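K.L.:
Each chain, written out:
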Amino acid sequence: MKKLITGNEAAALAAKLARPQVIAAYPITPQTSIGEKLAEYTADGSLKARYIKVESETSAFAACIGGSLSGARVFTATSSQGLALMHELLHWASGARLPIVLVNVNRSMASPWSLGVDHNDTLSQRDTGCLQIYCETAQEVLDTILIAYKLAESVILPIFICMDGFLLSHYSEAVNIPDQDEVDLFLPPRDAQYFMDTNAPATFGGGVSSEALYQFRQRIQADMDNVLTEHDRICDQFYQRFGRRYTAVETIKPENQELVIITNSTMAGTVKAYIKEKGQQKGVGLIKIRFFRPFPKEALKEALKGFKKAIVIDRNLSPGSGGIFSQEIKASLYGSEDQIPIVSVIGGLGGVDVTVDHLDRLVCEVLKQKKAQPGTIWMEA
Amino acid sequence: METMQIKDEMFYPGSFSCPGCGLTMAYRHVTKVLGKNTVVVTTAGCGSVVAGYYPTTTSKLPFFHCSFGTTAATASGLKAGLDMMGKTNTHVLAWAGDGGTFDIGLQSLSGAAERNDDIIYVCYDNEAYMNTGVQRSSATPLGTLTTTTPPPALENRDKKDIIGIMAAHKIPYMATACVSYPMDLQEKIRKAKKTKGFKFIHVLIPCPTGWFFPAKDAVTVGRLAVLSRAFPLFEVIDGKEYRMNVFEEKIPVAQYLTAQGRFRQMSTDLYPRIQTDIDSRWSELMALSNKREESTS
Numbered sequence: 001m002k003k004l005i006t007g008n009e010a011a012a013l014a015a016k017l018a019r020p021q022v023i024a025a026y027p028i029t030p031q032t033s034i035g036e037k038l039a040e041y042t043a044d045g046s047l048k049a050r051y052i053k054v055e056s057e058t059s060a061f062a063a064c065i066g067g068s069l070s071g072a073r074v075f076t077a078t079s080s081q082g083l084a085l086m087h088e089l090l091h092w093a094s095g096a097r098l099p100i101v102l103v104n105v106n107r108s109m110a111s112p113w114s115l116g117v118d119h120n121d122t123l124s125q126r127d128t129g130c131l132q133i134y135c136e137t138a139q140e141v142l143d144t145i146l147i148a149y150k151l152a153e154s155v156i157l158p159i160f161i162c163m164d165g166f167l168l169s170h171y172s173e174a175v176n177i178p179d180q181d182e183v184d185l186f187l188p189p190r191d192a193q194y195f196m197d198t199n200a201p202a203t204f205g206g207g208v209s210s211e212a213l214y215q216f217r218q219r220i221q222a223d224m225d226n227v228l229t230e231h232d233r234i235c236d237q238f239y240q241r242f243g244r245r246y247t248a249v250e251t252i253k254p255e256n257q258e259l260v261i262i263t264n265s266t267m268a269g270t271v272k273a274y275i276k277e278k279g280q281q282k283g284v285g286l287i288k289i290r291f292f293r294p295f296p297k298e299a300l301k302e303a304l305k306g307f308k309k310a311i312v313i314d315r316n317l318s319p320g321s322g323g324i325f326s327q328e329i330k331a332s333l334y335g336s337e338d339q340i341p342i343v344s345v346i347g348g349l350g351g352v353d354v355t356v357d358h359l360d361r362l363v364c365e366v367l368k369q370k371k372a373q374p375g376t377i378w379m380e381a
Numbered sequence: 382m383e384t385m386q387i388k389d390e391m392f393y394p395g396s397f398s399c400p401g402c403g404l405t406m407a408y409r410h411v412t413k414v415l416g417k418n419t420v421v422v423t424t425a426g427c428g429s430v431v432a433g434y435y436p437t438t439t440s441k442l443p444f445f446h447c448s449f450g451t452t453a454a455t456a457s458g459l460k461a462g463l464d465m466m467g468k469t470n471t472h473v474l475a476w477a478g479d480g481g482t483f484d485i486g487l488q489s490l491s492g493a494a495e496r497n498d499d500i501i502y503v504c505y506d507n508e509a510y511m512n513t514g515v516q517r518s519s520a521t522p523l524g525t526l527t528t529t530t531p532p533p534a535l536e537n538r539d540k541k542d543i544i545g546i547m548a549a550h551k552i553p554y555m556a557t558a559c560v561s562y563p564m565d566l567q568e569k570i571r572k573a574k575k576t577k578g579f580k581f582i583h584v585l586i587p588c589p590t591g592w593f594f595p596a597k598d599a600v601t602v603g604r605l606a607v608l609s610r611a612f613p614l615f616e617v618i619d620g621k622e623y624r625m626n627v628f629e630e631k632i633p634v635a636q637y638l639t640a641q642g643r644f645r646q647m648s649t650d651l652y653p654r655i656q657t658d659i660d661s662r663w664s665e666l667m668a669l670s671n672k673r674e675e676s677t678s
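Note that the protein sequences, when read in sequence, are chains E and V. With the first letter of the first sequence counted as 1, position 89 gets the number 89 in the numbering used here; the numbers rise by one all the way through. With the first letter of the second sequence counted as 1, position 297 gets the number 678 in the numbering used here; the numbers rise by one all the way through.
Derived by calculation from the structure, the hints in this document are not laboratory data. No experiment lies behind these values; they were computed from the predicted model shown. Beta carbons are placed, not taken as given, at the ideal position from N, Cα and C, and that holds for glycine. Don't take every hint at face value.
To be verified - Here are some chain E residues pointing at chain V (derived, C-beta under 7 Å):
{"id": "1", "residue": "Leu69"}
{"id": "2", "residue": "Ala72"}
{"id": "3", "residue": "Gly95"}
{"id": "4", "residue": "Met196"}
{"id": "5", "residue": "Val208"}
What the hints assert, rightly or not - Cβ pair distances, simulated, as ranges:
{"id": "6", "chain 1": "E", "residue 1": "His170", "chain 2": "V", "residue 2": "Glu390", "range": "52 to 60 Å"}
{"id": "7", "chain 1": "V", "residue 1": "Lys621", "chain 2": "E", "residue 2": "Ala381", "range": "40 to 48 Å"}
{"id": "8", "chain 1": "V", "residue 1": "Thr513", "chain 2": "E", "residue 2": "Arg217", "range": "48 to 56 Å"}
{"id": "9", "chain 1": "V", "residue 1": "Lys575", "chain 2": "E", "residue 2": "Gln180", "range": "38 to 46 Å"}
{"id": "10", "chain 1": "E", "residue 1": "Ala222", "chain 2": "V", "residue 2": "Asn497", "range": "41 to 49 Å"}
{"id": "11", "chain 1": "V", "residue 1": "Phe593", "chain 2": "E", "residue 2": "Tyr334", "range": "54 to 62 Å"}
{"id": "12", "chain 1": "V", "residue 1": "Asn497", "chain 2": "E", "residue 2": "Ser336", "range": "35 to 43 Å"}
{"id": "13", "chain 1": "V", "residue 1": "Lys597", "chain 2": "E", "residue 2": "Leu213", "range": "34 to 42 Å"}
{"id": "14", "chain 1": "V", "residue 1": "Phe397", "chain 2": "E", "residue 2": "Asp179", "range": "50 to 58 Å"}
{"id": "15", "chain 1": "E", "residue 1": "Asp127", "chain 2": "V", "residue 2": "Pro595", "range": "27 to 35 Å"}
Generate the whole structure from the sequences, applying the supplied hints.
P.N.:
This is the structure we're talking about:
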């Protein structure tokens with residue numbers, strides 16, 4: 001069934017289709033309508049879940065940890081400061097190996113506060129051991145949440161599905177809504193390997209020696225290394241059932257590969273429009289990075305093949321360093337044989353508009369340069 | 382009264398507690414009453430150390446160490462999950478110290494209590510951050526010496542009225558208890574076990590390490606706290622029905638204070654004020670309970 005819905009509605013619908021048993025969420029703009037929709041579904045009985053209306057995001061994520069420990073499937077959603085408030089718990093959950101699914105509607109961090117989108121909220125959680133996927137469309141949000149449950153429960157780590165505040169959360173698109181029966185076949189109930197079981201009592205998360213902690217961390221890294229392979233396997237299953245294919249990195253390669261724009265989320269949609277209108281003739285392509293954690297290094301290298309130059313547009317800022325995706329991309333390519341010049345660009349912070357015209361002026365400027373400009377370029381705002 | 386046997390123990394010997402620790406006794410009594418169909422959530426504090434060190438554990442029950450300050454919310458989520466998994470009879474014990482309850486955990490505690498989530502929250506109160514080496518908390522009484530209230534800047538505030546705060550949440554069952562009265566503690570846990578909704582049990586834990594008294598005296602010091610009425614034992618039903626539990630002969634508070642090193646720096650000039658405060662609190666409780674007396678043991 002095709003319906004005209006917003007990104008937040010797509011997220012709530014996907015959560016409903018995934019049949020979480022425990023939901024805990026706290027209101028924050030622009031996430032709130034996800035929590036409201038789920039409250040409706042649980043109130044009218046169309047979703048059989050316990051919705052814990054907590055008093056903070058800290059407690060929201062703590063309740064998700066508790067819920068997940070019981071072996072149940074859990075869901076939460078937040079934005080910006082709310083995610084920051086969860087920060088400590090994110091470490092706690094990945095360390096305890098709990099497959100919690102969190103939708104984050106990206107919003108800039110205070111102060112000063114703004115409701116506009118950038119990705120500093122989720123990127124600040126880079127090292128928490130949570131998987132991160134960034135979505136461009138409402139369809140992608142819906143599908144990715146279903147994929148995310150299967151993936152998180154397979155690799156036993158928490159996962160974020162990130163979407164741009166307002167640009168995606170509040171605009172409507174036509175979205176294919178899968179049938180519940182089909183989703184149930186794709187995503188059966190969680191079969192937890194470890195949980196709090198009175199028939200097999202065990203202690204979780206207590207004090208360990210330095211050596212044991214070291215080993216636990218190594219195990220997380222080893223499982224992270226397996227995520228992208230597992231993701232591809234799950235996405236194959238998803239494609240076979242629903243006919244839509246997702247990859248860690250999405251690429252548009254024009255015939256004449258002069259330059260590639262690397263970006264994520266809705267910015268990738270703008271780049272697609274630009275390529276269609278003007279970019280194609282200039283040999284401009286796109287690499288849309290869906291995964292941020294784990295970072296898809298190999299897929300990125302493969303996607304870059306043939307391009308002569310790259311522009312990375314970061315909708316985030318690590319003050320004192322620059323764009324975070326740009327750092328990750330440069331680090332991924334270090335030591336590889338066919339390195340190309342990379343221009344680092346910051347744009348769209350706080351929800352500032354980045355248009356096709358902005359992109360065209362940027363591309364023309366970069367194409368003129370013989371060498372890649374060092375440092376960070378700030379896109380006109 | 383039910384008779385408990387050694388085989389009912391849910392706590393293995395060999396914990397890392399200090400000699401004479403009241404907490405281990407309290408945990409033993411609480412868990413043996415709750416029984417096998419119980420899961421435990423604890424937060425940072427003496428309780429997390431007593432729980433053991435990987436790959437060993439002192440808990441015979443499924444046990445989770447949660448982040449500091451989120452004991453109640455974690456327990457709420459766990460209960461919700463267990464219910465949804467069809468395990469509606471499993472008890473969830475939230476086990477937190479005074480720091481994890483009065484201070485950093487108060488918000489999450491208030492949230493769970495206000496929602497009336499069906500969990501048993503036990504605060505083991507040793508009246509300071511003992512696990513980090515005796516720093517004051519908002520449960521520390523007036524005149525106490527701790528490492529963050531060194532003389533002459535001894536604790537200058539009264540202990541936070543956690544019972545008043547929790548009573549205001551109108552939860553179905555709450556009680557104070559002291560590990561020196563184990564049968565009373567067990568009976569209260571038994572009542573909590575039978576009650577649906579949020580249960581709050583506030584247990585006073587004499588701490589030889591932080592209160593500065595000989596390890597052998599933990600039970601005696603707890604008795605002095607109750608007999609002097611510095612820590613009255615009572616129950617509150619639905620936030621309004623008060624029931625007093627122990628009516629033994631009253632002893633002067635000075636006897637309780639002088640039994641511990643932590644009050645030794647305090648001027649004895651403060652004793653009359655402390656005694657007056659205790660007496661007026663007792664009268665208040667008697668008025669609230671309409672002198673309703675109930676012996677739980």
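K.L.:
At a threshold of 7 Å, is the proposed contact between Met196 (chain E) and chain V supported by beta-carbon distances?
P.N.:
Status holds, d = 4 Å.
K.L.:
Less than 7 Å between beta-carbons is the criterion; does Val208 (chain E) satisfy it with respect to chain V?
P.N.:
holds, 4 Å
K.L.:
Can you tell me whether the CB distance of Asp127 (chain E) to Pro595 (chain V) sits inside 27 to 35 Å?
P.N.:
Once the Cβ atoms are compared, 47 Å apart, the range 27 to 35 Å for Pro595 (chain V) and Asp127 (chain E) is violated.
K.L.:
Look at the Cβ atoms of Phe397 (chain V) and Asp179 (chain E) and judge whether their distance stays inside 50 to 58 Å.
P.N.:
holds, 55 Å
K.L.:
Can you let me know if the beta-carbon spacing of Lys575 (chain V) and Gln180 (chain E) is within 38 to 46 Å?
P.N.:
holds, 40 Å
K.L.:
Holds or violated: the 41 to 49 Å window for the beta-carbon distance between Ala222 (chain E) and Asn497 (chain V)?
P.N.:
This hint holds: roughly 43 Å between Cβ atoms.
K.L.:
Regarding the hint that Ala72 (chain E) lies at the interface with chain V, is the smallest CB-CB distance below 7 Å?
P.N.:
holds, 4 Å
K.L.:
Should the hint that Lys621 (chain V) and Ala381 (chain E) are 40 to 48 Å apart at their CB atoms be regarded as holding?
P.N.:
Since Lys621 (chain V) and Ala381 (chain E) have Cβ atoms about 59 Å apart, the given range 40 to 48 Å is violated.
K.L.:
So, Gly95 (chain E) near chain V? Judge it on the closest CB pair being under 7 Å.
P.N.:
violated, 10 Å
K.L.:
Confirm or reject the claim that Thr513 (chain V) and Arg217 (chain E) have a C-beta distance inside 48 to 56 Å.
P.N.:
Given a distance of about 25 Å, which is not inside 48 to 56 Å, the answer is violated.
K.L.:
Hold the hint about Leu69 (chain E) up to the distance rule: shortest CB distance to chain V must be less than 7 Å.
P.N.:
Given a least distance of 6 Å, the restraint on Leu69 (chain E) holds.
K.L.:
Could you check the hint for me, namely that Phe593 (chain V) and Tyr334 (chain E) are 54 to 62 Å apart, CB to CB?
P.N.:
holds, 59 Å
Hint violations for this structure: numbers 3, 7, 8, 12, 15, all remaining hints satisfied.
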